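Trainee: Here is how the chains run, residue by residue.
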Amino acid sequence: MRSPILKRFIATLFAILLFFSIFNIHKDLTYITRIYPDEYRSYYIPSSLHAKVFSLGYTNALSDLLYLWFVYYWDWYGKNVRYSYMEHTFEVMTDLDPKNQDAYIIAALLAFVPLKWDLVYKFLDKGIEKNPENYVIPYDAGNYALFSEKNYERAAKYFQIAFERNPERTTIKNLLAYSLSHKGDLETSLKYFEEILDKYKNDDSPEGNYYRFSSVLHIFEVKNEIAKRDVEKAVEKYRAKFGKNPPSLRVLKKEGFINEIPKDPLGKDYEYDPNSGTIKCVSKFNPKEVIGRW
Amino acid sequence: MTKDAILVKNLKKHFKGHLSIGRIEALKGVNLEVKEGGIYGFIGPNGAGKTTTLKIITGLIFPDEGEVQIFGKPHTDYIIRKDIGFLPESPYFYDYLTGEELVKFFGSLFGIQKKELNERTKYLLDLVGLKGKEKIPLRKYSKGMLQRVGLAQALINDAKLLILDEPMSGLDPIGRREIRDLILKLKEEGKTIFFSSHILADAEMICDEVAIIVKGKIVQKGRLEELLAKDVQFYDISFKGIETPPELKDKVVVAFEGYSMIRLKDEDEVDKALATLINKGGKIMSLMPHKTSLEEIFLSSIEEKKNE
Amino acid sequence: MSRFKLSCMQVIAIAKNTYKEAIRSKIFYVLMAFAIAMLGFAVILSFLTIGSQKRVILDLGLAGISFFSVMTSIFVGIGLIYLEIEKKTIYNVLSKPLPRASFIVGRYFGLMAVLGINLIAMLIILSIALLFFKGFTPMIFYAGLFIYLELAVITAIAIFFSSIASPVLSAICTLAFYLIGHTSSTFPEMLVPLLHNDIQKKIALFFFHILPDLSILNVSNLITYNIPIAPGFTIRGIIYAVLFSTLLIFAGCLFFKKRDLV
Ligand SMILES: Nc1ncnc2c1ncn2[C@@H]1O[C@H](COP(=O)(O)OP(=O)(O)OP(=O)(O)O)[C@@H](O)[C@H]1O
Ligand SMILES: [Mg+2]
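Residue numbers (the working numbering), protein chains in the order written: chain A, 1 to 294; chain B, 1 to 308; chain C, 1 to 262.
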């Protein structure tokens, strides 16, 4: 053992062993990670209650850390468990800190990317429920419903909540009126648009100009829609009685199905098509002209 | 009649042995009366119970039985300790403090006001020979320096009673001498000094009274001269210049190169011998009475105890 | 000089000395370095987040400050009495005309002073970090007050245990107290569903009310969102902490009074 050659030999042997053991450890690790197929890859995250105990009262801090984890690693999970884990992590994170607006909005965004609508709304619904003052979350939900899902009913519901929480923000009111008009609640929609117009009538800021312009546009359309809807209803009744469409609007009025012959917002007559029983607006619309008059 | 500075009655104390197994009887009924004024030596071999007694007196541990009075008042009231200056055995101090800070800290525990404290600290550090070393943290002190700081802090309150647990340990011969002188000086100031030691030479030199403790029991106590002077054992006379007179020949202990030494048993003999020697033109070099030394008393006490 | 005045002077002297001890020891600076590293970590993490950066700094910063101060108070606190005995430095102090209670109280106040300065330093660092991210709110000093109250309680516990038990045991007990105090508010939520009959539930709830509840000294979660704090909240916290620590210190003194210092 004293001989330097022997020492060197043993050292070399150790080095080789060490080298291979590292190599093997690496293999082991890859093996361990392969035990479960990638589709089921996951980490354990405790339930909300346990996480709350574990956080020692520093719930916000733990929630922040989970949030970071959530944002960066949601797609690390295996395909088959990804969304259930996403949901679980979200639940824990928001139970720990229910007031973190970012958590709801980013979670919804992450669920939106693969178009998991139920998750998107679930996440946002929780935020809406837990933060009764917050209007940003329902506004966000409304945007998803209106622009991406094109579900006007839902959009109107969310914007309604946002509007109730913050009646001053015109953006919300505008989108609420817009979704209402698509949903079919034309009168309320018209009322809101008219209020917006009223508010910005004399406002020359870029924002004022924008809302004035857009509300005029919408009022024009909604008024047309109302007239169209009324006529169609009357036509329906007429047909039920006489078995055919009325030949003209005047006949409709004479028979007492409408009180007035409708005029378009610019005061012109609609063009009536007896075949389909609908009316059409023929006025050329120039908002700038109109703004002065309304 | 003066009050006793310390009165210890039938003090008993036991400790638990290692790992709480067994029972060590450290004190088995100790009685002490330390008169006011004077130096009282409390001596005994290692493990005799000296430190234990002092710790009980200063209220650090509680006796199983017995009572202690300081200037006639029970020692259980902490305020009594205002009159005591205590130097613990091999002092352990806050090593992050400097010498000056340490002394001031202990001074403030007595409620000494700042100005007075500053002056006294300076004076005392001077007195114990630590001038110029006040600003060094204790961590860098030598054992002897620590002992000196310990002494300085024991004196900070200018107490009537000083209790010193082995004040001379860790000091070099010069240091010991300085401390001895200091203790004597304190005695002159009218203070009572009660100190434990196993260095008998020191004790013998300065004590007025001693008590010897062995295995938790006092085996001897009393005024030192009474204990010692009971008998002079013999006298040695050394002289030169003449031959030893024939009548003294049988008393010679050593003789060489003109020096001689004779040993005599009693005082009459000494008178006679001196007269003879001077008559013959001899030169007396020294006359030494040999008393029983404290050491001998000490050793014989221990012997007795062993034989019991 | 009256006994009371003397005692006050002694308490101050011992507190000062404790303070000196702490700031001349390395452990103090090590813990400070840790806390600063913690705050740095919070800032770095805040860069990674999506959304409000200042919230992350505030949450992690306050949690880190609270946690590290508590750890300091536990690990320095348990040694406060015990190490003095261990190093035999206590002999010389207690042989002075000093009631043992003064010693404990002085040590306690000394450590509290150290912890206070430590806390303020960390809060200032946190404020600077927050100012940098335009998220500064003076409310962090309010949170600091509550952290300090909690430290008062924890230190009292540490001293209490260290006056009757060995350091390892007292460290365990104090940590256990801390854990229980911080989690006990979740016990009803946790335990009650596990129990089936009413009597069991009542007993469980009774024990729950006995347990220390430190969550009432935790306002970090409130100030992150600027939730208005009821005025009674502060008073309640102060009374709770002061009562609790006074009681503990008092009990510690009682135990310590009769102890042989060997
Ligand atoms: N804390 C303790 N636990 C157990 N036994 C102890 C303790 N302190 C002292 N003893 C025992 O009590 C006896 C007396 O000890 P003490 O320290 O009083 O001796 P001493 O006379 O001061 O000795 P020395 O000259 O060595 O300082 C010894 O037998 C010692 O073993
Ligand atoms: Mg001793």
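No lab work stands behind these hints, which were simulated from the structure alone.
Each hint should be verified, as a subset may be incorrect.
Below 30 Å or equal to it, Euclidean Cα-Cα: the simulated BS3-like pairs (lysine-lysine) are [claimed, not checked]: (1) C/Lys-54 - B/Lys-82; (2) A/Lys-233 - A/Lys-183; (3) B/Lys-9 - B/Lys-160; (4) B/Lys-143 - C/Lys-87; (5) B/Lys-115 - C/Lys-20; (6) B/Lys-140 - C/Lys-87; (7) B/Lys-35 - B/Lys-140; (8) C/Lys-26 - C/Lys-5; (9) A/Lys-284 - A/Lys-223; (10) B/Lys-16 - C/Lys-16; (11) B/Lys-215 - C/Lys-88; (12) B/Lys-82 - C/Lys-26; (13) A/Lys-99 - A/Lys-116; (14) A/Lys-199 - A/Lys-183; (15) A/Lys-280 - A/Lys-263; (16) B/Lys-221 - B/Lys-9; (17) B/Lys-217 - C/Lys-16; (18) C/Lys-16 - B/Lys-12; (19) B/Lys-28 - C/Lys-88; (20) C/Lys-16 - B/Lys-28; (21) B/Lys-143 - C/Lys-26; (22) C/Lys-257 - B/Lys-122; (23) C/Lys-26 - B/Lys-140; (24) C/Lys-16 - B/Lys-82; (25) B/Lys-215 - C/Lys-20; (26) B/Lys-185 - B/Lys-82.
What follows is a set of in silico ranges between Cβ atoms, one per label pair, in the way DEER data are often shown [what the hints assert, rightly or not]: (27) C/Ala-33 - A/Leu-18: 53 to 61 Å; (28) A/Asp-125 - C/Ile-227: 20 to 28 Å; (29) A/Leu-18 - C/Pro-138: 42 to 50 Å; (30) C/Ala-204 - A/Asp-118: 52 to 60 Å; (31) C/Glu-86 - B/Ser-300: 36 to 44 Å; (32) C/Leu-48 - A/Phe-285: 27 to 35 Å; (33) B/Asp-77 - C/Ile-227: 52 to 60 Å; (34) C/Ala-230 - A/Asp-118: 49 to 57 Å; (35) C/Arg-3 - B/Gly-66: 37 to 45 Å; (36) B/Asp-126 - C/Arg-3: 27 to 35 Å.
Nothing here was measured: the structure is a model prediction, and the numbers come from that model.
The C-beta atom is built at its ideal place from N, Cα and C for all residues, glycine as well.
Trainee: Indicate, hint by hint, whether the structure satisfies it.
Mentor: To see whether the hints hold, each was checked on the structure:
no.	hint	in the structure
1	C/Lys-54 - B/Lys-82	violated, 58 Å
2	A/Lys-233 - A/Lys-183	holds, 17 Å
3	B/Lys-9 - B/Lys-160	holds, 21 Å
4	B/Lys-143 - C/Lys-87	holds, 16 Å
5	B/Lys-115 - C/Lys-20	holds, 21 Å
6	B/Lys-140 - C/Lys-87	holds, 17 Å
7	B/Lys-35 - B/Lys-140	violated, 39 Å
8	C/Lys-26 - C/Lys-5	violated, 34 Å
9	A/Lys-284 - A/Lys-223	holds, 15 Å
10	B/Lys-16 - C/Lys-16	violated, 36 Å
11	B/Lys-215 - C/Lys-88	holds, 24 Å
12	B/Lys-82 - C/Lys-26	violated, 35 Å
13	A/Lys-99 - A/Lys-116	holds, 23 Å
14	A/Lys-199 - A/Lys-183	holds, 24 Å
15	A/Lys-280 - A/Lys-263	holds, 11 Å
16	B/Lys-221 - B/Lys-9	holds, 14 Å
17	B/Lys-217 - C/Lys-16	violated, 42 Å
18	C/Lys-16 - B/Lys-12	violated, 38 Å
19	B/Lys-28 - C/Lys-88	holds, 25 Å
20	C/Lys-16 - B/Lys-28	violated, 41 Å
21	B/Lys-143 - C/Lys-26	holds, 24 Å
22	C/Lys-257 - B/Lys-122	violated, 34 Å
23	C/Lys-26 - B/Lys-140	holds, 17 Å
24	C/Lys-16 - B/Lys-82	holds, 21 Å
25	B/Lys-215 - C/Lys-20	violated, 42 Å
26	B/Lys-185 - B/Lys-82	holds, 21 Å
27	C/Ala-33 - A/Leu-18: 53 to 61 Å	violated, 34 Å
28	A/Asp-125 - C/Ile-227: 20 to 28 Å	holds, 22 Å
29	A/Leu-18 - C/Pro-138: 42 to 50 Å	violated, 57 Å
30	C/Ala-204 - A/Asp-118: 52 to 60 Å	violated, 38 Å
31	C/Glu-86 - B/Ser-300: 36 to 44 Å	holds, 40 Å
32	C/Leu-48 - A/Phe-285: 27 to 35 Å	violated, 51 Å
33	B/Asp-77 - C/Ile-227: 52 to 60 Å	holds, 55 Å
34	C/Ala-230 - A/Asp-118: 49 to 57 Å	violated, 39 Å
35	C/Arg-3 - B/Gly-66: 37 to 45 Å	violated, 27 Å
36	B/Asp-126 - C/Arg-3: 27 to 35 Å	holds, 32 Å
Checked against the numbered hints above, the structure breaks hints 1, 7, 8, 10, 12, 17, 18, 20, 22, 25, 27, 29, 30, 32, 34 and 35 and satisfies the rest.
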